[in-house]
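J.: Let the hints inform the model, and build the full structure from the sequences given.
One line per chain: the protein sequences are H and W, in this order.
Residues 1 to 333 in the working numbering are what the first sequence spells out, letter by letter.
Residues 1 to 333 in the working numbering are what the second sequence spells out, letter by letter.
No wet-lab data here; the hints were simulated from the structure.
Which copy is meant is left open, because identical chains are indistinguishable; a pair holds if it fits in one copy or across any two.
Derived lysine to any residue pairs resembling SDA-like cross-links, with alpha carbons at most 20 Å apart:
#1 K115 <-> A162
#2 K244 <-> S160
#3 K115 <-> R241
#4 K115 <-> P42
#5 K115 <-> D94
#6 K244 <-> R40
#7 K115 <-> D97
#8 K54 <-> L28
#9 K115 <-> E242
#10 K270 <-> R163
#11 K54 <-> D26
#12 K115 <-> R163
#13 K115 <-> D93
#14 K115 <-> V96
#15 K115 <-> L90
#16 K115 <-> S160
#17 K270 <-> A256
#18 K244 <-> P39
#19 K115 <-> G271
2 protein chains.
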Amino acid sequence: MGLDDAATKPHEALAAHLAAKLGDVDALIRARMASRHAPRIPEVTAHLVEAGGKRLRPMLTLAAADLCGYAGDHDVRLAATVEFIHTATLLHDDVVDESASRRGRPTANLLWDNKSSVLVGDYLFARAFQLMVETESLRVLDILSDAAATIAEGEVLQLSTARDLATTEALYLQVVRGKTAALFSAATQVGGVIAGAPERRIAALHDYGDALGIAFQIVDDLLDYQGDAKSTGKNVGDDFRERKVTLPVIRAMAQADEGERAFWRRTIEKGDQQDGDLDRALDILHARGALDATRAAAIAWVAEARGALGVLPAHPVRDMLDHLADYVFARLT
Amino acid sequence: MGLDDAATKPHEALAAHLAAKLGDVDALIRARMASRHAPRIPEVTAHLVEAGGKRLRPMLTLAAADLCGYAGDHDVRLAATVEFIHTATLLHDDVVDESASRRGRPTANLLWDNKSSVLVGDYLFARAFQLMVETESLRVLDILSDAAATIAEGEVLQLSTARDLATTEALYLQVVRGKTAALFSAATQVGGVIAGAPERRIAALHDYGDALGIAFQIVDDLLDYQGDAKSTGKNVGDDFRERKVTLPVIRAMAQADEGERAFWRRTIEKGDQQDGDLDRALDILHARGALDATRAAAIAWVAEARGALGVLPAHPVRDMLDHLADYVFARLT
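T.: Written out as structure tokens, the structure reads:
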């Protein structure tokens, strides 16, 4: 892939358009990560915040505000808020996931990290709330505190759906909204709210973020069965090994014959996994069309996201958001 | 101790005076703990919230609002907010402390609890923010989001001061404000703010909560060296075994001769503790007057708390808060 190709990636076009504001967001994040009393806080957060993430969520807030003609600087505060909430969630996810995957083999280092991850995550949540309070918009506070509750609820729900083959698509969708879509939709919605956009446009921005977030997470779950570790950073089979019941498995279960149901019960419900089981799972997923069905679900949500944009006025940023929706699939190559 | 004695305990007099409001707080807490999608949430929180805690923090908010003549119902929302923040903090503390004290011997049950504790704690934080947003008071939001940041910062700071004999009293005080006093002072302050009290009274309410919280935590740290497990529920020596550097140790270090310094370095910094070391620690603490000095510090903070009340108008609740400050020492008998 040449440099020219890279430069035309939709999230990079958006980043270029929002470059000045993104610089302000980064400066604000660094300033608010600091802690006079506890220097360990910026140490722990720096590797996450500075690690060169795509800043997708803050870009959504900045883009929504820009699209609605916003001229103030609260968009920068809200973009930093959204990134802080995201980072706090990642820190706490690490604790939850590390506990499971390294069970029985804890190290002092692991335990130290758990403590810091929990407490520094709490600090970032509190910092996020301080930042959003500075916008003095009760509606923004309402949207973002609701999003925080949905996120936490979705994470807890995920604990109960793991290993449960009776998980429905509706429950899966609820988990996906909590894990990903709630923050995407809050990010776009608050951009419209601080810009004072008409209700119809605020609703459209919410719907775009919601559908984009769902598509994003479904693709993430699909990548777990057909990704390329080199380009995605994800190892095929992690969800299978961690016995998560994601859309591919739900779709395969819906089509399963008796032998396949026994296979899923043994590997996912009982956790009795042997060499070759991941290959057998992939064979079943292909044979039952579960991966194609999962991809089709993501395509439908991308269409939903792009459809929501139709309500918004013609604007270069609207086109960038339109392209961004398609980019969800780029990781699937 | 007869029933009559029990009935005159200051926190029970306050609870009796605020009984109707406290009933509303409990009902609100139960309603907001519920989760349509994740029934595990109320399971995890119920044992903490319903366990018959003294509801000290919510009482402080209700008392402050009552004292300032408040007639609305936002005091109930704020009292529930404060209890949710406290409960979330306890859940996350469990993760942090369990990791340390059960190191090397994790159980699946422990790990499951850790996950739930982290995520349900996050849910309660988010619920707390939703509740405070409902008051539509930006000043209240400002105070409580600042308190949340101070709490998290104090907890992180405590990680760095543990095992560090160079911890100063100023640093110790910062940790104590984060662990306890920040929420006490926010609890009293927001009661005055929603009542629309004059600034001088709001400041006095803050100062009362701050000093009461500091006294409360200092006594807690003192109990760790001279408490009676039966009446306090605390085991003597937990902080020593966990190598926490609290005020008794700081005061003893300030007076230590070379042999004693070597003892503290071995037991607290290096963590090399043998049979008889707790007894030796207690001997040194007594010989160096460190426990008396710690008690004197708590007495000074109680005087500070009672002094702050002088600014407030004569009121039965003011007298109850005055008695409550003295009650801090009741656990020491």
